[in-house]
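J.: Each chain is listed here by its residues.
2 protein chains.
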Amino acid sequence: MGAVDVAGLVGRARDAEPRAVARLISLVEQGSSALPEVAAALAPFTGNAQVVGITGAPGVGKSTSTNALVRAFRTAGKRVAVIAVDPSSPFSGGALLGDRVRMGDHATDEGVFIRSMATRGHLGGLSWATPQALRVLDAAGFDVVLVETVGVGQSEIEVVALADTTLVLLAPGMGDGIQAAKAGILEIADVFVVNKADRDGADQTARDLKYMISLGRRDRSGPLWRPPVVKTVAASAEGVDAVVEAIAAHQAWMAEHGELAARRLRRAGAEIEAIAVDRVRTRFGPVDALAGRVVAGELDPFAAAEQLISGNLRA
Amino acid sequence: MGAVDVAGLVGRARDAEPRAVARLISLVEQGSSALPEVAAALAPFTGNAQVVGITGAPGVGKSTSTNALVRAFRTAGKRVAVIAVDPSSPFSGGALLGDRVRMGDHATDEGVFIRSMATRGHLGGLSWATPQALRVLDAAGFDVVLVETVGVGQSEIEVVALADTTLVLLAPGMGDGIQAAKAGILEIADVFVVNKADRDGADQTARDLKYMISLGRRDRSGPLWRPPVVKTVAASAEGVDAVVEAIAAHQAWMAEHGELAARRLRRAGAEIEAIAVDRVRTRFGPVDALAGRVVAGELDPFAAAEQLISGNLRA
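As you go down the protein sequences, you meet chains A and B in turn. With the working numbering applied, the first sequence covers 673 to 987. With the working numbering applied, the second sequence covers 673 to 987.
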């Protein structure tokens, strides 16, 4: 592979050239050795995009909701990017095909950029690939970046931890899902969206959520934001404006309480740590010999870990 | 807290005293400073337990299947331990209550030990807490350890990566779940179990799975194991013996192809790395100042990471 013209790419991305943006995200996805240079070139232009995370179990209508939100933000004159993260997929080929389908009526709109990222199995994984893609889109001048995930597992929670505001989507009649996920989703949701609200049970789902929210658990420290519950029928855009309003209300609340700055500080800190850990891991070198002694019962894994780092770390 | 009598605890755990086993696992869960000493005392007695991972979406009947397997292994004269891992729960209080309920007819059976672990938010998380709990049970002489998880997300995949043999459970009529999870479950399943096989659609689910398996994707390198598909009605123990047989067949296949040793080597290596990374992370110290400069766009996260490690790592 030839050298990458990083400065040129970043300049063209700043001029909103979609192919340059796509190329930069590909470099991130591939864990290119040019990443530090890319990150350095992007840094001065970051910090402006509003990042909205979208998560929920399969079948709740995340893609449809994302598309409806894209339309609503476009109507408000904002440039919008979407990153669809699939932590369980090792493929990006299928993802690319999906992107073309998803672009749909946005295909000729230069104010919209949609990209799937298959992050599983990548070196360092989600923990830093997605944040770097966000930096690309931020520097490229997108006002809003929607980060959509496939489910509500731990890795999804990590992804939405990147967001300024996190939407958790549910649909009526998925009680099992609520039950299974409730510990997690109550903590990460800034706005609950009950989609497919024209179906039976939507009111009950909304009531259940409000009850769960009323039980609290979010008041560990600092000011308290109570996530609103918004009902939508994303397929017909019903209620989507109310979601946009709820996002705006959350942003205003965060600005007022210093929470936006606090979240971004935590996010940057986590990002730095993830990269540092990844860098350190590459210096460890092979662990096979130590692992063999652990399997044989000659050494315990803590002692082995000490031996692994003793050659690399200062006392 | 007083000092922990590690040698005494390990000795009593080796004598199959349930309270000593429980106490050692609590030390693991709490990330006790005595952990390295515990691990060193356990090491000579490890490597004998057969570890079976059990995963699947909520509602497929994991707990019922686990209990049926416990009964089957007990009938075969084996001592059996269960670790139920809930990566989304920050609580262990509720888990304890759940354990008493789950013990059910095993409550007076000293050959059975059941324990829930809530691993979320723990320092280092799943990546090393669960393996250490496995070491406790292994050293305590359990012949089989079943590791059951709540779902099929990324963290579940990490958990089952601990297992010698991984069962993936499905139920009829959960097509969405198959679709969403298929990339992941095809790779991790050594045995597929279609539970609730008395329901409509069980044959179709089994056929779909067999078709997916036939498409391959597992033949990247080394010998090929084709996961069998076993139908069960766990509530009435129907088909459970066939699951036990499938597990035995997989174990025999692994032994024949050197795969068991290879898996355990990989597992130990990952465990050592996770502990080492955790140790390194604690040495990094606070990242707030660097994070602030990244948020301000003065520094990129890669450069910040270099600064973070430069004070700690040898050149």
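The reader is advised that the hints may include incorrect statements.
What the hints assert, rightly or not - If the Cβ cut is set under 10 Å, some of the chain B residues that face chain A in the computed set are: (1) A679; (2) R695; (3) P708; (4) T718; (5) L937; (6) A940; (7) F956; (8) L971.
No wet-lab data here; the hints were simulated from the structure. Heads up, the beta-carbon is just placed ideally off N, CA and C, and yes, glycines get one too.
J.: Against chain A, with CB atoms and a cut of 10 Å, does the hint on B/L937 hold up?
T.: Check passed: Cβ of B/L937 comes within 5 Å of chain A, closer than 10 Å.
J.: Quick check on B/A940 please, does its C-beta sit within 10 Å of some C-beta on chain A?
T.: holds, 4 Å
J.: Given B/R695 as an interface hint, is its Cβ closer than 10 Å to any Cβ of chain A?
T.: Result: violated, 18 Å to nearest chain A Cβ.
J.: Hold the hint about B/T718 up to the distance rule: shortest CB distance to chain A must be less than 10 Å.
T.: It holds, given that the least Cβ distance between B/T718 and chain A is near 5 Å, below 10 Å.
J.: Taking 10 Å as the limit, does the beta-carbon of B/F956 come near enough to a beta-carbon in chain A?
T.: Cβ of B/F956 sits 6 Å from chain A, so the hint holds.
J.: Given B/P708 as an interface hint, is the shortest Cβ-Cβ distance to chain A below 10 Å?
T.: holds, 4 Å
J.: Can the hint on B/A679 be confirmed by a CB-to-CB distance to chain A that is less than 10 Å?
T.: Interface hint status for B/A679: violated (14 Å vs cutoff 10 Å).
J.: Can you verify the interface hint for B/L971: is its Cβ closer than 10 Å to any Cβ in chain A?
T.: holds, 7 Å
Checked against the numbered hints above, the structure violates hints 1, 2; every other hint is satisfied.
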